[in-house]
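Chemist: Residue numbers (this note's numbering), protein chains in the order written: chain A, 4 to 243; chain B, 4 to 243.
Just so you know, not all the hints are guaranteed correct.
Chain copies aren't distinguished; within one or between two, either way the pair holds.
[Unchecked claim] Mimicking SDA-like on lysine to any residue, the simulated pairs with C-alpha atoms at most 25 Å apart in a straight line are: (1) K169 to E218; (2) K189 to E218; (3) K169 to L66; (4) K169 to I95; (5) K223 to Q161; (6) K189 to G229.
In case anyone wonders, no lab produced these hints; they're calculated from the structure.
There are 2 protein chains.
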Amino acid sequence: MADPRTSIISERLRRIRRIIAVSSGKGGVGKSLVATTLALNFAKKGCKAGLFDLDFTSPSTHLLLGVTDEQPREEKGLIPPIVQGLEYMSLIYYSSGQAAPLRGADTSNALIELLAVTLWNDLDFLVLDMPPGIGDAVLDLIRLVPRIEFLVVTTSSQLAFETVKKLVSLLQELKVPVVGVVENMKMTESRNVQRQTEAFGIKFLGEIPYDPEIEGSIGKPDKLLGTVLGKKIKEISQSL
Amino acid sequence: MADPRTSIISERLRRIRRIIAVSSGKGGVGKSLVATTLALNFAKKGCKAGLFDLDFTSPSTHLLLGVTDEQPREEKGLIPPIVQGLEYMSLIYYSSGQAAPLRGADTSNALIELLAVTLWNDLDFLVLDMPPGIGDAVLDLIRLVPRIEFLVVTTSSQLAFETVKKLVSLLQELKVPVVGVVENMKMTESRNVQRQTEAFGIKFLGEIPYDPEIEGSIGKPDKLLGTVLGKKIKEISQSL
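Please put together the full structure from these sequences, using the hints given.
Modeler: Right, dumping it as structure tokens:
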């Protein structure tokens, strides 16, 4: 029998204009940082924006935003708290930060549950901080979230880009739109990632230099927006 | 009914003296690099060593080692090829580098299958390059691999270390030995990670400075062993 929640999810997301899934081939490339800063930039320029942390492998947007005691409110569903001008929801509200891992079916179930119960307002942009790679959860999200578009984050490292190639091939095969690739934590001059991205027929959105200031702006969104990364992502947000 | 392969796995691993699972809370911290360099160092000092890449999220040890056409040989099981003095096996031999992702049950099945069919010689050390985080595959490996010991890799970033705390708490709860924590890609002076590691009652194995030479030593094991990282891991390998 079809899970009735899947049609509820479509209904829940109907009034959101664009849903941007910030994704990566592997972890540790700055995906959560890009997702958070992108959502903050949308809000800053006056768009109605939301951020949804679905990275059950290591949820971290709450740390980046400096979420303290904001909690969703229950009222025929879960109403996301407003954090830094964003409607904000995270899987941490499901697992409450406990160490106990969710087994595969539980993870999938938690994702579907959260998608089904969260009551977003009309939004211009909902940014999803995706689980890394191309595991079950990503496949579920592609299946469940209508009009999902991917923005892929990589570093300059060939190891990271090899995994991006797999992700992008899969997305192209499934005919899921890819708005582009961002090269993060760049340390040396090279057009390698740009060239390889464009060879896939995908837009290269830009590069962000490695920025030692970032660690000190964890939990301080205003500071984050003022970093080189913040400014680069502002440019990228305007090109989407 | 119990899967008969689980008792076969015990038998397969019986003649391996120590099994070191190189792990991380999140991806992108250099786990595969540490695992590969650790295994190479064991081999270099005359130990019989193996490397087993179980990171289905982004297998990369074959790139680090520069594996070209070496393949396992079938003979009542799979005999790992010798690569750079190591007995080497990887999940890539299962998936053959295809983009198609394995769904949860398939991943678990592929791991169990590979563990059950691989015929290692008597080894002093088998190094496992683990999947990141604490998902299903990690739980399966803890259950299936007797005498597994964890070596945890992190960066200095608090985001990375938060995920390490979860992993370490889980391992302690499950009474799985943790040989220690390595702090990789260190850029600034700080005893933060060391202090927090020791507060868990876990050994801090050392720190490895960020090293721009690393990218150029991908696929060149001799060069890798000569880097600052290579030398640091040599010291760590002697302390295990």
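Chemist: None of the hints should be skipped; say for each whether it holds.
Modeler: Against the structure, the hints come out as follows:
no. : hint         : result
1   : K169 to E218 : between (29 Å within a copy, 20 Å between copies)
2   : K189 to E218 : both (16 Å within a copy, 12 Å between copies)
3   : K169 to L66  : between (29 Å within a copy, 15 Å between copies)
4   : K169 to I95  : between (28 Å within a copy, 13 Å between copies)
5   : K223 to Q161 : between (31 Å within a copy, 14 Å between copies)
6   : K189 to G229 : both (18 Å within a copy, 24 Å between copies)
Against the hints set out earlier in the document, no violation occurs for any number.
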